[in-house]
Structures are given as C-alpha cells and as structure tokens.
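Engineer: What follows is the residue order along each chain.
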Amino acid sequence: MIDRGGSRRDECEAGGEDAGRLEVSMGPQHPSTHGVFRMDVVLEGETVVRLKPVFGYLHRNHEKIAEQTTYLGSMPYTDRLDYFCSLTSNWAYALAVEKLAGLAVPERAEYLRVITAELTRLQNHACQMGFMLQDLGAMGTPMMYAFREREKILDLFESLTGSRMMCNYMRFGGCRADAPAGWIEAARGVVGDFPRFLDEYEALLATNEIVMARTQGVGVLPRDLAINASASGPVLRASGVGYDIRKTDRYGVYDRFDFRVPVGDHGDCYDRFMLRLLEMRESVKILEAALEQIPAGPVIDGKVKLRNFKPRAGEAYGRIEGPKGEIGFYLISDGSASPYRYRVRPPSLINLTALEEMCLGQKVADVVVILGSIDIVLGEVDR
Amino acid sequence: MESDLRSELSRQGVMIVSLEALYNWGRSNSLWPLGFGLACCAIEMMAASMARFDLARFGAEVFRPSPRQADLMIVAGTVTKKMAPQVVRLYNQMPEPKYVMAMGACAISGGPFKQGYNVLKGIDRYLPVDVHVPGCPPRPEALIEGLMALQRRIMRQRLTGPERPRHLQAGEASELPVPTLGARDIEPPYHAAVWRPPRVARAS
Amino acid sequence: MERLASIQARIEAALPEAKLALAANPGASGQHSLVVEAAHLEAVARRLRDDPELQFDYLSNVTGVDWLDRVETDKVRVKREYQGEEIEVEESVERRVPGYLEVVYHLYSVARGTGPLVLRVRTGNRTDRVDVPSLANVFRGAELQEREVYDLFGVVFTGHPDLRRLLMWEGFSGHPMRKDYVEPDDYEYEPTPHGEVAAKASRRYAKRGQP
Chain R
1 MIDRGGSRRD ECEAGGEDAG RLEVSMGPQH PSTHGVFRMD VVLEGETVVR
51 LKPVFGYLHR NHEKIAEQTT YLGSMPYTDR LDYFCSLTSN WAYALAVEKL
101 AGLAVPERAE YLRVITAELT RLQNHACQMG FMLQDLGAMG TPMMYAFRER
151 EKILDLFESL TGSRMMCNYM RFGGCRADAP AGWIEAARGV VGDFPRFLDE
201 YEALLATNEI VMARTQGVGV LPRDLAINAS ASGPVLRASG VGYDIRKTDR
251 YGVYDRFDFR VPVGDHGDCY DRFMLRLLEM RESVKILEAA LEQIPAGPVI
301 DGKVKLRNFK PRAGEAYGRI EGPKGEIGFY LISDGSASPY RYRVRPPSLI
351 NLTALEEMCL GQKVADVVVI LGSIDIVLGE VDR
Chain S
1001 MESDLRSELS RQGVMIVSLE ALYNWGRSNS LWPLGFGLAC CAIEMMAASM
1051 ARFDLARFGA EVFRPSPRQA DLMIVAGTVT KKMAPQVVRL YNQMPEPKYV
1101 MAMGACAISG GPFKQGYNVL KGIDRYLPVD VHVPGCPPRP EALIEGLMAL
1151 QRRIMRQRLT GPERPRHLQA GEASELPVPT LGARDIEPPY HAAVWRPPRV
1201 ARAS
Chain Y
2001 MERLASIQAR IEAALPEAKL ALAANPGASG QHSLVVEAAH LEAVARRLRD
2051 DPELQFDYLS NVTGVDWLDR VETDKVRVKR EYQGEEIEVE ESVERRVPGY
2101 LEVVYHLYSV ARGTGPLVLR VRTGNRTDRV DVPSLANVFR GAELQEREVY
2151 DLFGVVFTGH PDLRRLLMWE GFSGHPMRKD YVEPDDYEYE PTPHGEVAAK
2201 ASRRYAKRGQ P
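Chains as they are written, first to last, in this note's numbering: chain R, 1 to 383; chain S, 1001 to 1204; chain Y, 2001 to 2211.
To be clear, the hints were calculated from the coordinates, so they are not data collected in a lab.
For each residue, glycine too, the CB sits at the ideal point set by N, CA and C.
Any given hint might turn out to be false.
To be verified - EDC-like cross-link-like pairs, simulated, lysine to aspartate or glutamate; straight-line CA separation at most 20 Å:
{"#": "1", "chain 1": "Y", "residue 1": "Lys2179", "chain 2": "Y", "residue 2": "Glu2072"}
{"#": "2", "chain 1": "R", "residue 1": "Lys152", "chain 2": "R", "residue 2": "Glu107"}
{"#": "3", "chain 1": "Y", "residue 1": "Lys2179", "chain 2": "R", "residue 2": "Asp334"}
{"#": "4", "chain 1": "Y", "residue 1": "Lys2075", "chain 2": "Y", "residue 2": "Glu2090"}
{"#": "5", "chain 1": "R", "residue 1": "Lys152", "chain 2": "S", "residue 2": "Glu1141"}
{"#": "6", "chain 1": "Y", "residue 1": "Lys2179", "chain 2": "S", "residue 2": "Asp1185"}
{"#": "7", "chain 1": "Y", "residue 1": "Lys2179", "chain 2": "R", "residue 2": "Glu63"}
{"#": "8", "chain 1": "R", "residue 1": "Lys247", "chain 2": "R", "residue 2": "Asp258"}
{"#": "9", "chain 1": "Y", "residue 1": "Lys2019", "chain 2": "Y", "residue 2": "Glu2002"}
{"#": "10", "chain 1": "R", "residue 1": "Lys52", "chain 2": "Y", "residue 2": "Glu2102"}
{"#": "11", "chain 1": "R", "residue 1": "Lys64", "chain 2": "Y", "residue 2": "Glu2072"}
{"#": "12", "chain 1": "R", "residue 1": "Lys64", "chain 2": "Y", "residue 2": "Asp2180"}
{"#": "13", "chain 1": "R", "residue 1": "Lys52", "chain 2": "Y", "residue 2": "Asp2162"}
{"#": "14", "chain 1": "Y", "residue 1": "Lys2075", "chain 2": "Y", "residue 2": "Glu2042"}
{"#": "15", "chain 1": "R", "residue 1": "Lys64", "chain 2": "R", "residue 2": "Asp334"}
{"#": "16", "chain 1": "Y", "residue 1": "Lys2179", "chain 2": "Y", "residue 2": "Asp2131"}
{"#": "17", "chain 1": "Y", "residue 1": "Lys2179", "chain 2": "R", "residue 2": "Glu67"}
Claimed, not checked - Derived contacts from chain S toward chain Y, CB cut-off under 8 Å, selection only:
{"#": "18", "residue": "Lys1082"}
{"#": "19", "residue": "Tyr1117"}
{"#": "20", "residue": "Asn1118"}
{"#": "21", "residue": "Glu1163"}
{"#": "22", "residue": "Pro1177"}
{"#": "23", "residue": "Leu1181"}
{"#": "24", "residue": "Arg1184"}
Please take these sequences and the hints and turn them into a complete structure.
Structural biologist: What follows is the structure, encoded as structure tokens:
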C-alpha cells in the first residue's frame, strides 16, 4: 500500500511527552516563508517532530469576487493568483472558459500563448532557484543573477501587454493584442542569451559542495506519496513521475514541439532544483521553435462577445501545466453573465499537502530549504 | 547664515550645518526597511532592491528581517483581516522613529480586492501611514519615488517646538492597540486615533 | 458519455450495493459526471483507484458547490370542468426543490493518462445533514482541499484526520462561499460606477441617513 510516511511519524511520536520539545511558530512574518505562510513546528533539539502549516493570511476572496463579477472581469484577478506567473494563470482561465463555451483559438494566438507561457516558466524557475538558494544562505548573488534575467523577460511582457507583472493578456478565444513590431526578434534575442545564464548558474551551483550537502537526501517525497498527495509540476516529476500536462493533454499547440520531460530519481530538494534547471533548457527549445514557426494571422476570434459574455449552462474543468504545477479552473455556468461557481485548483496549496512528511526527522534549518524547493506563492495558496 | 557665505565656506572646505539638518540628513539617507512582503507588491519591492533599480542608491537597501532593527515598514500587498493583527504587532515592535509606507492599491484601500470579506480596506485604519504609493503593483520607480518623498518629509522635520515628531515628544504613545479577530469580523473596525471614516458628500 | 457509462457499469458490477447516476453536462465541454451516494463514496473512490483497468490514481481537484433552495414550475395537464363540460388544460404547479451542498471531485489517471473523471456527491440539505465521507484516507491530496470546502462551504467530512478551518481564522462563524452569506458591512464609502456596488452603497446611505 501507499507509504504515507506513517512509520517516520510513529517513530517521532514514540518519543513520548518529552519535556525537551520546543514548539516554534515560523511565520507569518518570517524572512524565508515566501510571504505570509506560517508553520507550527515542534522540535526535539533541532529535529522536526511535527509540522502543521497554517494558511489563510493572504486569503483575499478571489473565488467569491469572481462569482460576483463577469467572466471577463475575473481575468485581471487571475494575474494576482500567482503573481510570478500571471500569463499561465490567464491561460488556464481562458482555456477553462473556452471549454465551457466551446470556442476555438486562432493559430497565432496559440503560438503567442505558448511563447508567453514558456517565458513565464523561465523567469519563474530562475527566481525560484534564487529564492531557494537565498534560504540556503547564499544571500544575494543567485537572486541578483535570477532577477537580472527576469527583468529582461519582464521587459518583453511589458512591451507585449503593457504591464510587467499583471499582464491580463489572454482573452476567451485568443489574446488581447498582437505582438508589436520587432517583438519576436527581441524575444529571440532574450531566448538566445538565456542558455548562457543557465550555464553560468549550473557551473556556480550544480556541483557546489554546500548546495549538495544541504539539499541531497533532504525533504524526500517518495513516488507513491507524490501521486497520492496530488503533487504536480516539478515536485511530482522530481519524485520520478513523468507526468506533464503539456504532454498528456496536448493543449494549445504543444504537440508541434519536440521537447523532453525531465524526471528526477530521488525526490529530494536537489532533484527538484536540478529538474527546474533542465526544464528551463527544454523551455528554451520550445521557445526557439515557436518563435521560428509562429504564423501570421489574427490573434483573437472577433466573433466572441467578450463584454456581454454569457456561456450556456454547463460546467468545465480546464487545466494547464503551470510553472508551479497543474493550475486548473472549474467553472459552472447557469447561463448568466457571471459564473455560478468559480474554483481555482491551486498547485501551490496542493503541493504543500505532503510538507509534513517531507520535513519530519529533518533539521529545522532544512525546513526552509524544503519549502523553498516546493516553490509556493502565497497569492495562489490562499487565493 | 546666508547661503552665499555658506557656499563660499564650503568651497574652502568648511562645512557648516545646523544639528537639525545633519540629524535629518543622516536619518533620511539610511532608512532600514523591514523585509516584510505580503503579496504581489513584495515582488516589485524585491525587484527595486535588485541590481537594475538598485534601491541602495538611496540608502534603503538594508532589508532587516526583524522589526527590532527596522525603521521603515513597507506594507507591500493586500492586508487581510487575518493578517492585520500581526501587521500592527510588527509595527509596535519597531523602535522609534518609525515610518509606514502603504505600497500598492490593496494596502491603501483594499484595491481590487475591496469587496472581499477577508480583506482589510486599507492599512491606514490601524496604522499612521506616511507615504502612499499607488499602483497595482507600483513599478519599482514608483516605490523609489515614494521613498524619496519620505526622505523629503524627514528632511523637513523640526527637532524642537510643538511640530517635532512623535519620537521626540514625551508621553506620545508609540504602540497602537492590536485588533482582535471576532466571530464575523475584525474588531474594532478601525482605530479612531489614526483614522476616521470620511464623510461622503454626494451629488444627487 | 459512453466511456462514462462503461465505467459506471464496471463499478456497479464490482460494488453491487453502490448505485451511481450519470449527470449529463449540457455545456460544450462534454465533461459529464457520476453522482455517487455519500454512503458508498469511499468504496467507489477506492475501486476507481485500484481497478487495474481504470487506475484513477490522481485526485486533482476537490471543490464544493452550494445549490440554494429553488422553486421549479412544472407544466401539468389536468382535467377541469369548464362551462359544464370537462376539458383538459395545462397548469403550472410550483414545486419547492430543497437545496443541498455538493462536493465535486476531478480524478485523473497518471498511469494511463486519462481523465478527467468527475464524481459528485450531495449532502442531504444545507443545514444539519451536511456530512460526506472524507476521501483523505484514499487520496492524501484531498486533505487540504476538504478542509477548504469545510471552511468555505460547511460540508463536514467524516473520517477526515484533521478537519479544521483552512483559510479563515479559528473562531470565525459562517461559511463565506455559500451563496447566502452576508458579507461584513465595511466598505461603505467610495461609490464606484459599477451598478451593483453603487446600488449597495446607496442602500447603506439610506439606512444611515447620510446624504
């Protein structure tokens, strides 16, 4: 049967009501909780014997607000879910609505979606690695490098969508605007330079002794538990499950690109770290092909009435492979202008299900590394 | 002292300033913000401190993880009702002189999430805010402009007389009551000492 | 739909006491669902996971839906006496449909790459019969999501290892995602051009005697 980490938990519980136990509340204001996340940790010496995550410090009622506004009105809110990856959240929502209403997307828009989503993946993974290394104690430098690359990609987003972070770019049946003149060339330049950053990062960190000592064998998530706990994205794949929604669902035009899905062996923090590095290399491959192949044509289906959008009654669940994992939207329409039920499947929250099992028996300093390697954004965890 | 004489002296290598100006100059150019991110705006705050925008040029790059070492709280992001008591508590833990900057639409007024049942409609209901930086999220340039506005404000402070700032006035409370979470809502809804609901005059 | 019917038949063959119903989706997505009785939910989920032909081993999404009490009108033909002779007329009869809470599960198969399989389970009503068995012992991934549904909708998951509020604070009363939840009255000023918000604001001003 499935290993639920029970044995380790029992071992720790068996210590009894020891007076040497110390309960520590990490967060909600803590420099390494990536926002307002809180963990109630029970320690024996420095070893974690219990860990209970506490959520809700950034619960800003996205779903309730979306059920009171129009379909289009929710699009800017999806930007603010995972504020590193506004474009993939946009896409997941647009995809769910397109399924709900049965809309088709022009080919050029599909390419623009792939390009923006993969650029989002690049900057998200780069920053995640920066944050994780900051948690390891590598203050500043890796983050500076990652943000340097991120700024280049944000410039592309800004010239395409008008905003650095809150892009609000996708629409039902396409994208809001076509790429301005010279944008494709500029994107090619950024993508062409990106492998140099990856090489530099890899040379600096992949075989760094401290990184290896602090991450290898730390926070192991076994394969069966990863599937059973609904982990997704890099967390699932690092545990040895080759499950990538870009491959299984073949949404958009992902079936036209040749890319591999990296898979980890051990499911520890180092695997998650290296997997993101490999994923970025695959993203670069997708981007190069997409920027080469992108056809001319319209970017939005002009017949879709975005302003007075009323899909007929029904429901749909649409999901894509976001940088954090499976981001999905579940919508129920009752035929009116706002969804009857609007639900976000937040990968950041669900990836935290097995956090306790990953942390038990580890040292308290490793908890921040494990959390950093899962890659959460609180806007999406609490919504 | 006339400014002509002062500039003439400074050309000769003699610098004469009032203690007030020196004190304010020193304080305004070494603001230590609390490394305190709530939501989306925190990412732009980080971006502002990174190489491209380089907050260090204005002396405010030393993000302190502990409120005991910080003198500027940048409320970067949506303050939820569940988080509001913690924000006030962090403010109370900061030593005087301390300043609060509300960064982004959510911290100012609730912003796009104003309708939310768990969203605080502006941190100025509980804390005295010195600078508001609008935007959703504000660009790093806007944050830097907000910081410079705060620096100008500090430079203008008088150290004596009735206008002197809070930390130089004996008997002025530097801690604010922490709100509590009730069965339905946060209590009290605001601190009357820092904020009053505006009276709305509407046409029609 | 055919695929779903075959899954239904397969489950019903393995678990004869569990009755499943097909719920058609009138929308364009073609994602139809299976309605499970609450008593058999755990057995059905376990079967879906362990059946070597199905292998729905990945519980992607758990969510709640609040269906309010509603009134439906049925058209019925009745015989009436009219001016001495009996004729058949059409009358509309109002029927009160009690509301319920619904939990929706989206299952995928990592092993086979299939999905989504949509399972729905309904509570007896919206007030006192709101228990549904927890799936956290079959799918660990349900643990946090069921806590969220409990918090925001008030569905009580029996057998859940740690059923506490997830997002709202301890001591909060009410379930904010229910359709009849009344939000706290704390954004009174700043009327905006949005019709609904302006109407809400004007109602408040009338109540408080402000201009």
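Engineer: Which hint numbers does the structure go against, in order from smallest to largest?
Structural biologist: The structure breaks hints 2, 10, 11, 14, 21 and 22; every other hint is satisfied.
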